[in-house]
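Fit chains A and C to the given chain R structure using the hints.
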Amino acid sequence: MIFLYVYVHGNPPPLCLPANPGDKWADFKEVIRNMYKVNPDQVEMTHFDEPFQPQDDKTLAELGIRQKSLLKIKA
Amino acid sequence: MAKKKRGLKEEYNLLTRDLDWDPTFVTREEMYPYTDFEGIKIHNWNNLEDPFRVTVESYVRIQGEKERKFHAIRENIDLLQGQLDMTDARWLEAMKIFSSVALNGEYNAHRLFQFIARHVPSPAIRFAAITQSVDELRHVQNEVLLFNNYNKYYQGFHDWKNYAHRHWLTSVVKSFFEDAQSAGPFEALVAIAFGFEVAFTNLLFVTMGATAVANRDQSYGAVSFTTQSDESRHMTLGMMALRAMIEEDPDNIPIVQKFLDKWFWKAYRAFTVVGYILDYIAPKKVMSWKEAYEMYIEDQVLNGLFKDLEVYGIRKPKYWEQTVQEKEHNSHIAALVLYRLPHVLYFHPFAPTEEDKKWLAEKYPESWENIWSKKWEAFEDPNFDRLYPGLPMVCQTCQYPMFFDEPGQPGFNTAFRTSEHEGEVYHFCSDGCKDIFDDEPDKIKQAWLPPHEIFKGTCGPAEDLANYWGMEPEDGGDYYESVDHQNFEKWKKVRA
Amino acid sequence: MANYTQVGSEAIKPIRKTYSYMSGLKVKRPTTYDECTYNLEPKENFHYKPIWNPELNIFDERRTRVKCEDWEQFRDPSKFYYATYCYNRADFQSRIKGQFEAADRYGWFEKMDPAFIDTVREFLPVLRHFVFGESVAFMHVGRTAVGTAIEQCATYQCYDELGTAQLLTRICLGLEEQVPSILQDGKQKWMEDEKFLKLRALTERLMVTWDWAEALIATNLVLDSIVYPLFFEEMTAVAMENGAIGYAAFSQFLMEMYEYEKSYTTALVKMLLADRPENKEVIQSYIKKWLPEVIEAAEEMLPVFDLPRKAIDGKLALENVLEKHVKPLLIDELQIVSSIQTRQVWEVK
Chain R
0 MIFLYVYVHG NPPPLCLPAN PGDKWADFKE VIRNMYKVNP DQVEMTHFDE
50 PFQPQDDKTL AELGIRQKSL LKIKA
Chain A
0 MAKKKRGLKE EYNLLTRDLD WDPTFVTREE MYPYTDFEGI KIHNWNNLED
50 PFRVTVESYV RIQGEKERKF HAIRENIDLL QGQLDMTDAR WLEAMKIFSS
100 VALNGEYNAH RLFQFIARHV PSPAIRFAAI TQSVDELRHV QNEVLLFNNY
150 NKYYQGFHDW KNYAHRHWLT SVVKSFFEDA QSAGPFEALV AIAFGFEVAF
200 TNLLFVTMGA TAVANRDQSY GAVSFTTQSD ESRHMTLGMM ALRAMIEEDP
250 DNIPIVQKFL DKWFWKAYRA FTVVGYILDY IAPKKVMSWK EAYEMYIEDQ
300 VLNGLFKDLE VYGIRKPKYW EQTVQEKEHN SHIAALVLYR LPHVLYFHPF
350 APTEEDKKWL AEKYPESWEN IWSKKWEAFE DPNFDRLYPG LPMVCQTCQY
400 PMFFDEPGQP GFNTAFRTSE HEGEVYHFCS DGCKDIFDDE PDKIKQAWLP
450 PHEIFKGTCG PAEDLANYWG MEPEDGGDYY ESVDHQNFEK WKKVRA
Chain C
0 MANYTQVGSE AIKPIRKTYS YMSGLKVKRP TTYDECTYNL EPKENFHYKP
50 IWNPELNIFD ERRTRVKCED WEQFRDPSKF YYATYCYNRA DFQSRIKGQF
100 EAADRYGWFE KMDPAFIDTV REFLPVLRHF VFGESVAFMH VGRTAVGTAI
150 EQCATYQCYD ELGTAQLLTR ICLGLEEQVP SILQDGKQKW MEDEKFLKLR
200 ALTERLMVTW DWAEALIATN LVLDSIVYPL FFEEMTAVAM ENGAIGYAAF
250 SQFLMEMYEY EKSYTTALVK MLLADRPENK EVIQSYIKKW LPEVIEAAEE
300 MLPVFDLPRK AIDGKLALEN VLEKHVKPLL IDELQIVSSI QTRQVWEVK
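Chains as they are written, first to last, in numbering that gives the first Met the number 0: chain R, 0 to 74; chain A, 0 to 495; chain C, 0 to 348.
Bound-form chain R, shown alone:
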């Protein structure tokens, strides 16, 4: 298990979320949808400050997400 942080711009503080690095993005993005009531497919994202465009079938690990990664979302 890893923790990662999800921040929606203008909406502090970021959430701390547990995740499994083997989880597919398709599953993880539902957490974002539930927590923030945003459509994760229609947002601009960065991983830390790098642009981030995840594919649904990739795992978090494959997308480069690691312990204490920070995803920032512009809704």
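Don't read these hints as lab results, they were simulated from the structure. It should be emphasised that the depicted structure is a prediction, and the values quoted were computed from it without experimental measurement. Hints are not guaranteed to be accurate.
[As the list claims (entries may be wrong)] Listed next, the in silico DMTMM-like pairs over lysine to aspartate or glutamate satisfying Cα-Cα at most 25 Å (straight line):
#1 C:LYS96 - C:ASP69
#2 C:LYS188 - A:ASP84
#3 A:LYS65 - C:ASP75
#4 R:LYS73 - A:ASP84
#5 R:LYS67 - A:ASP441
#6 R:LYS23 - R:ASP55
#7 C:LYS197 - C:ASP117
#8 C:LYS27 - C:ASP69
#9 A:LYS65 - A:ASP84
#10 C:LYS269 - C:GLU292
#11 A:LYS442 - A:GLU473
#12 C:LYS288 - A:ASP441
#13 C:LYS78 - A:GLU56
#14 C:LYS48 - A:GLU56
#15 C:LYS188 - C:GLU109
#16 C:LYS12 - A:GLU473
#17 R:LYS67 - A:GLU419
#18 A:LYS151 - C:ASP33
#19 A:LYS374 - R:GLU43
Using the frame of chain R, we list chains A and C on its own:
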């Protein structure tokens, strides 16, 4: 009897420092194993002087008198239902926060000053420090007894010990004191005696004390008044120790500067919640956080104390400009974020009333209208999902939720800083907190961060978290829907 | 029921009496002492290890070899908390002040027998350093002892020892007219006089005894249970024989301080012995280490008993101390020692 003519100072020396001797059966290193590793050089420990000249005899007499008065007041308030004199029970939300962090703070200070007394080989510091240790025991005990007056009638006090050591928010203050407890004796002295006592305690006991009195809370009024009478001695110790370190050797200056940078920033961050108390919780407000910061920190500390230290080559603490900028904003950020967390707090957050808002607009002409009133409007919208949906990310160093803004960009433009250490990333709310980590990564990385520990399972099953934190169901929720509010209104009518 | 006010037809009833965590204390009804003593010490979720001792936590039970299931159950028989400690000691200081006034009025110091002044100057100023050393040792005991109830006693003792060092200094100042260099000479004797080297060696060793329970037991059940009665009971009897009321009048204050230390330490040792059998061996090891050495140190100091005009045999004085104080405590009451012997078995009985 014709006694030898002798000044008070000389007699005091015979009663204190002359008792000490240089050991010969154990080495100096064995006797004082922690004196050297921080790099502070003191050439003549006897140069330092205890300006207060308290003897055990005078101490127990003076303190005994103070105690008689304090406990008479405390018992009277209890007997006469003094809590019902308060302007509004909302003030008690401040006391809940205070008790859950200050009791632990005072207790840690009590033990820490024994460590300082034992390991700083200056007789002057030793006597002042051991006396302060005994004072701190006084403060924690008096506060425990006093807060039980509230505890008998209101929620949010009954398990301060678990709130203090287990709750996710109090780890801000727990980690502050434990950082000092785990530091060397000189850093600990600067941390608590200077960073905390000299620089910031006026806000706690003078400003908050005055606010308590204005809200007719005689209990906190009494405790802050009697505590402050000891603090002046502690502040003098802080100044004496600081002067001694910087005057004894120029090599000490950069070390002391680093301590000051760290502890000014840490204390400043930790005190954010006091802004919330002054600007929001207090039903009758006396002074805004901004005004208090200007008076006690800008005028007295940054432009007063640090001005005096300039001649020694000490400059103002790093990022002081940011603290001045933030005085417009941080109490609002804290209030807004806490408003969204009524389900995971042992006190009752709330949205400001119309009266509160009028006052805030007056006190914050620069930021209220343009920024923070708008955020409140959005939060109070019936369609807004008030409850924050999970556990917040917290800063590795100060452990506040990551809610502080990027300097110069107020309005929920959250600042993020990171550092890599041994292949792991660490997050910070500010440059100040990042610098502290970068300077001591192997220490600060150990922090017991509540959200992580909760997910790791350290705190038991998630559905049982409230219980782990020591909370009863009535502890949380909005103030205006709370049993505390209802009871206060009801009891007040009964008594009238 | 102090917190129950009946107004009109409706009552304003407290919803609870005390803090919820007080239920962990095994007492029928918590007193004020209990409320402001129990469970104050942090015990979990520590953030950082001390950089000066990273193997242990900030508060850690492993700083002593004795063990206990629940340290927080300890109760000081005197039930001192800060307020009652201050009241008690303020009264104590008033009594001391009264004695100094009496000493002034009746000339107890000026009229003291010169031979007895020579006796007092030989050891009393020396003891102020000894007591101060104990106070420093107790700064460490206070910092590292487990649980507020225990460290609170150690804190008060630390402060008391400072007070005692200051009291001894004041008595010496009372004798300054007759012996102007009494304090300077005393410090020199503490550093150089063979009679006191052993005591100083033990004091310095005590100050670096980092097992707090060892330091506490060595001080209160061994060092002080010999040194205090030797000088403030046996020597006091000698003082009376020599008309030195100025000395005798202050001895009770020292013995009262010793009684406080002894009472809480005895209660603590009893708790530890009852808690688990292994503690007995550990406590015995402390006593075995310290007792023979302290007796030896006391023997070295016995020549001071030869100095008064009406002198007594110092060996007899020490034997009295062992019979009246040490044996009843360690053999009879605590049953941690089976026999106690002086270095040479004297023919005094």
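Sort out whether ASP84 (chain A) lies within 25 Å of LYS188 (chain C), counting only the CA atoms. violated (64 Å)
Between the alpha carbons of LYS73 (chain R) and ASP84 (chain A), is the straight-line distance 25 Å or under? violated (49 Å)
Has the given pair, LYS48 (chain C) with GLU56 (chain A), been kept, meaning a C-alpha gap of at most 25 Å? Given pair LYS48 (chain C), GLU56 (chain A) is violated - Cα atoms ~37 Å apart, limit 25 Å.
Hey, LYS65 (chain A) versus ASP75 (chain C), does the alpha-carbon distance stay inside 25 Å? holds (23 Å)
Quickly compare the C-alpha distance for LYS65 (chain A) and ASP84 (chain A) to 25 Å and report which way the hint goes. Holds. LYS65 (chain A) to ASP84 (chain A) sits at ~24 Å (cutoff 25 Å).
Keeping to a limit of 25 Å between CA atoms, is the pair of LYS374 (chain A) and GLU43 (chain R) held or broken? holds (23 Å)
Assess, step by step, whether the Cα of LYS12 (chain C) is no farther than 25 Å from the Cα of GLU473 (chain A), and give holds or violated. Measuring from Cα to Cα gives roughly 17 Å; hence the hint holds.
Are LYS67 (chain R) and GLU419 (chain A) close enough, with their CA atoms no more than 25 Å apart? holds (11 Å)
Is LYS188 (chain C) close enough to GLU109 (chain C), meaning Cα to Cα at most 25 Å? holds (23 Å)
Is it true that the CA of LYS288 (chain C) sits at most 25 Å from the CA of ASP441 (chain A)? Cα-Cα ~39 Å, so violated.
Starting from LYS27 (chain C), check that the Cα of ASP69 (chain C) is at most 25 Å away, please. Distance ~17 Å between LYS27 (chain C) and ASP69 (chain C) Cα, so the pair holds.
Checking one constraint from the list: CA of LYS23 (chain R) to CA of ASP55 (chain R), max 25 Å. Satisfied? holds (7 Å)
Checked against the numbered hints above, the structure violates hints 1, 2, 4, 11, 12, 14; every other hint is satisfied.
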